[in-house]
Amino acid sequence: MTDKTATTANAIELPDRLSIEPNSPYFNEALLDLDVGIRFKGQEKNNVIEYCVSEGWVRVAAGTAKDRFGNQLAIKVHGPVEPYIRPRS
Numbered sequence: 001m002t003d004k005t006a007t008t009a010n011a012i013e014l015p016d017r018l019s020i021e022p023n024s025p026y027f028n029e030a031l032l033d034l035d036v037g038i039r040f041k042g043q044e045k046n047n048v049i050e051y052c053v054s055e056g057w058v059r060v061a062a063g064t065a066k067d068r069f070g071n072q073l074a075i076k077v078h079g080p081v082e083p084y085i086r087p088r089s
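Once you know that position 70 of the sequence shown is 70 in my numbering, the rest is easy, because the numbers rise by one and skip nothing.
It is worth saying that the hints were derived from the structure and are not from the lab.
Check each hint, because a few of them may be wrong.
[Stated by the list, open to error] Lysine-lysine pairs mimicking DSS-like chemistry, simulated, CA-CA at most 30 Å apart:
(1) 66 / 76
(2) 76 / 45
(3) 41 / 76
(4) 66 / 41
(5) 66 / 45
[Unchecked claim] What follows is a list of derived Cβ distance ranges for each label pair:
(6) 16 / 46: 18 to 24 Å
(7) 39 / 68: 19 to 25 Å
(8) 13 / 70: 29 to 35 Å
Ideal Cβ placement from N, Cα and C applies to all residues, glycine included.
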């Protein structure tokens with residue numbers, strides 16, 4: 001059973017850039033439904049809004065602060081980015 005999950009996860013190639021914001025050109029709902037995880041500098045991050053592997057950065061939520069349009073404030077942090085698909089339990 002785990003072998004099938006591993007081959008499915010390996011068969012899907014994640015894009016260089018992905019965002020969770022629906023108004024972004026890098027938003028892909030089908031991929032986000034697969035539960036994409038991000039390792040940034042070797043640690044798993046759960047507050048990533050957008051990532052770019054080739055440029056080596058992630059945008060992470062800056063607490064609970066919102067801008068005047070109601071969007072989360074984000075900080076761009078540079079470092080090695082490793083996207084992966086989390087295995088289903």
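Kindly indicate which numbered hints from before are broken by the structure, ordering the numbers from low to high. The structure breaks only hint 7.
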